[in-house]
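Generate coordinates for the entire structure from the input sequences, incorporating the hints supplied.
Chains as they are written, first to last, in the working numbering: chain A, 1 to 364; chain B, 1 to 364.
For the record, the hints were derived by calculation from the structure and aren't laboratory data. Warning: the hint list may mix true and false statements.
Note that the list lumps identical chains together, so a pair holds whenever it fits in one copy or between two copies.
Claimed, not checked - Straight-line Cα separation of at most 25 Å, SDA-like style, residue types lysine to any residue; simulated pairs: (1) Lys345 <-> Asn357; (2) Lys155 <-> Pro54; (3) Lys178 <-> Arg228; (4) Lys270 <-> Trp352; (5) Lys158 <-> Phe25; (6) Lys270 <-> Ser282; (7) Lys17 <-> Lys355; (8) Lys91 <-> Gln267; (9) Lys91 <-> Arg314; (10) Lys118 <-> Asn357; (11) Lys207 <-> Gln291; (12) Lys229 <-> Asn183; (13) Lys207 <-> Ile42; (14) Lys207 <-> Pro41; (15) Lys229 <-> Arg280; (16) Lys118 <-> Gly150; (17) Lys171 <-> Asp109; (18) Lys17 <-> Arg280; (19) Lys15 <-> Asp58; (20) Lys155 <-> Ala305.
Quantities reported herein were computed from a predicted structural model and do not represent experimental measurements.
Take a look at the letters that make up each chain.
Number of protein chains: 2
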Amino acid sequence: MEDQTIRVELTNSKKEKPDENHLEFGRVFTDHMFIMDYAEPIGWHDARIVPYQPLVIDPSSMIFHYGQSVFEGLKGYRTETGDIQLFRPEKNFQRLNHSNDRLVIPQIDEEFVLEGIKELVAIDRDWVPHTEGTSIYIRPFIISTEPYLGVSPSKHFKFIVIMSPVGSYYKEGINPVKIAVENQYVRAVKGGTGEAKTGGNYASSLKAQEIVEKEGYSQVLWLDGMERKYIEEVGAMNVFFKINGEVVTPQLNGSILAGVTRDSVIQLLKYWDVPVSERRVSMQELYEAHQNGTLEEAFGSGTAAVISPIGELRWNGEHLVINNGEIGELSQKLYDTITAIQYGKVEDPFDWIEKVNLKSKVNL
Amino acid sequence: MEDQTIRVELTNSKKEKPDENHLEFGRVFTDHMFIMDYAEPIGWHDARIVPYQPLVIDPSSMIFHYGQSVFEGLKGYRTETGDIQLFRPEKNFQRLNHSNDRLVIPQIDEEFVLEGIKELVAIDRDWVPHTEGTSIYIRPFIISTEPYLGVSPSKHFKFIVIMSPVGSYYKEGINPVKIAVENQYVRAVKGGTGEAKTGGNYASSLKAQEIVEKEGYSQVLWLDGMERKYIEEVGAMNVFFKINGEVVTPQLNGSILAGVTRDSVIQLLKYWDVPVSERRVSMQELYEAHQNGTLEEAFGSGTAAVISPIGELRWNGEHLVINNGEIGELSQKLYDTITAIQYGKVEDPFDWIEKVNLKSKVNL
Chain A
1 MEDQTIRVEL TNSKKEKPDE NHLEFGRVFT DHMFIMDYAE PIGWHDARIV
51 PYQPLVIDPS SMIFHYGQSV FEGLKGYRTE TGDIQLFRPE KNFQRLNHSN
101 DRLVIPQIDE EFVLEGIKEL VAIDRDWVPH TEGTSIYIRP FIISTEPYLG
151 VSPSKHFKFI VIMSPVGSYY KEGINPVKIA VENQYVRAVK GGTGEAKTGG
201 NYASSLKAQE IVEKEGYSQV LWLDGMERKY IEEVGAMNVF FKINGEVVTP
251 QLNGSILAGV TRDSVIQLLK YWDVPVSERR VSMQELYEAH QNGTLEEAFG
301 SGTAAVISPI GELRWNGEHL VINNGEIGEL SQKLYDTITA IQYGKVEDPF
351 DWIEKVNLKS KVNL
Chain B
1 MEDQTIRVEL TNSKKEKPDE NHLEFGRVFT DHMFIMDYAE PIGWHDARIV
51 PYQPLVIDPS SMIFHYGQSV FEGLKGYRTE TGDIQLFRPE KNFQRLNHSN
101 DRLVIPQIDE EFVLEGIKEL VAIDRDWVPH TEGTSIYIRP FIISTEPYLG
151 VSPSKHFKFI VIMSPVGSYY KEGINPVKIA VENQYVRAVK GGTGEAKTGG
201 NYASSLKAQE IVEKEGYSQV LWLDGMERKY IEEVGAMNVF FKINGEVVTP
251 QLNGSILAGV TRDSVIQLLK YWDVPVSERR VSMQELYEAH QNGTLEEAFG
301 SGTAAVISPI GELRWNGEHL VINNGEIGEL SQKLYDTITA IQYGKVEDPF
351 DWIEKVNLKS KVNL
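Rendered as structure tokens:
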């Protein structure tokens, strides 16, 4: 990308901000958005921050037909001193480029895009809520916009970032969830798109999710698509199990998303000298550990909930209650530590925090 | 759907039509489009034919993030008498509803939508080309439009139909293609979305396609995602092999698209008393048939090309040349017969043809 400037057009009509005590996830968006365009042979160009507005897109645009798209999700946190900081944002843009490669979407300049997002956060700083547990959710995404019905990689794309103030995932403290092991539907298989953050993975998950919700379960636990034996992910999160003092999580095998929170959990456990391993974990192994009393904790990890304890697993008609359906000690410690780092309440020994310079170059 | 009327708003500025002798696939669109909206709890509503125009969609709309979408593809053919006719359109709308079910998209009224498309074709009748081998490509699609970042089924959708005049797939006669058997990437797996016509399946196929194109192959042949042994599809077509006088094609196992042309080929073969079976076909079986001289023909089937003969298969470094790289007798007969039925040049013993009433209710 030759032109590394970001054009800024500020809104004339600021929107009313929502009540910080009743924030829903992803329904209200800030006053501005970041956009840049891609066209062959120019490459990425015309990076700009503009008023939040609808996209005007031809109905033949590829995104509506062939799903060539990727996205990311990260958060900005308000500290007690009023600063705003991001959590490991460089990991999100590394992963976005990894997803781009799988989806045949041109690479982005990770540093430039991160600067653009920090500029956007600075401009919409008043949208970052102050209430305990709240944050600004940042959604970068890329869509294919060439107006052409041939099945081939698009020659036009848009990279867009929108932001939404969000409440605490746990309004009344952390409640362990009930999870159903999925035996019929498959999320991804080796050779597919499971390790890319692309729309199709989420579209394909809706059916299984709908079925288990009706049965009283909050999410599904996906098994591998080849043998239907090995654990992959839970819902849209990575998953961990504490068995006889050791924490295990499925290895990154090509069909699992490499979660930023997953990586942070592993680093923290190593820092604490808690045994942790990334390896194949079968449902049969979990069942046996439950039967002999060594399945001590289970939890999902992700940007939205950080740590989501699992209180019950349903598998083949069996109901495995874990840790009496209560949050485990280690799950709680991980949640407390990661959120404390995110909100700047404790030291950050891993250099995970990236501060946003609120003295934006833009004159507000 | 309670209100079964279609509102019509005609364009004031008709576009110039492209040269019928140089039509590209899917780049130029007709003067009008069909749209209807879905919202809970109203259901599908406000069916309308309006001037072809860009969509104005919020950047938070689910289609840009989670890929909840389905589509179809069919053609309208100009007969020698100037009539326009469709080929088995009811099959496309049955399949669209099947795809809808898998993607958690509300069912459409198949008969009503077919009436809407016939009305659209009648209004844009002058866009249906007359030149030999040309047709109007009709693209119905549904996109999720709720402005919400939660991963859950959308509560708002748009059903849209756009149309594009297209040339003959074979400008200089049918040329058999070279196909590479794909060993690394997987299109779909049982339990996934392979039998639904949804964007994610096409997005995930782009990478493998890009690689083999650089190696001089026109498409990939997908193997099953579990054992990587059994034939699934070729590119975006179904596939058939004639082995020792019998035609075989992979059975519909949950990960293969149920092609309309595929079904038509099977019906025609039965009508002609040619042995045909739908069953598992392994690459090893094809290899052995090739070695002992019984792999007589191979071809893909789909709406775009109708019949696409395969002249060479690359598999594990082996190059299997089929029928000396020439189109086989049966492939040619299938192509000739299906296209003759589509263009109304021969009788239609199967009741496949649906005529469009060109006396549209609309006053042009």
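Hints, one by one, checked against the model:
no. : hint              : verdict
1   : Lys345 <-> Asn357 : within (19 Å within a copy, 72 Å between copies)
2   : Lys155 <-> Pro54  : both (22 Å within a copy, 18 Å between copies)
3   : Lys178 <-> Arg228 : within (20 Å within a copy, 35 Å between copies)
4   : Lys270 <-> Trp352 : within (16 Å within a copy, 66 Å between copies)
5   : Lys158 <-> Phe25  : both (24 Å within a copy, 23 Å between copies)
6   : Lys270 <-> Ser282 : within (23 Å within a copy, 46 Å between copies)
7   : Lys17 <-> Lys355  : within (23 Å within a copy, 55 Å between copies)
8   : Lys91 <-> Gln267  : within (14 Å within a copy, 53 Å between copies)
9   : Lys91 <-> Arg314  : neither (33 Å within a copy, 39 Å between copies)
10  : Lys118 <-> Asn357 : within (7 Å within a copy, 58 Å between copies)
11  : Lys207 <-> Gln291 : neither (31 Å within a copy, 44 Å between copies)
12  : Lys229 <-> Asn183 : both (9 Å within a copy, 23 Å between copies)
13  : Lys207 <-> Ile42  : between (40 Å within a copy, 22 Å between copies)
14  : Lys207 <-> Pro41  : between (40 Å within a copy, 20 Å between copies)
15  : Lys229 <-> Arg280 : both (10 Å within a copy, 24 Å between copies)
16  : Lys118 <-> Gly150 : between (37 Å within a copy, 24 Å between copies)
17  : Lys171 <-> Asp109 : neither (37 Å within a copy, 42 Å between copies)
18  : Lys17 <-> Arg280  : neither (46 Å within a copy, 59 Å between copies)
19  : Lys15 <-> Asp58   : between (28 Å within a copy, 16 Å between copies)
20  : Lys155 <-> Ala305 : between (36 Å within a copy, 24 Å between copies)
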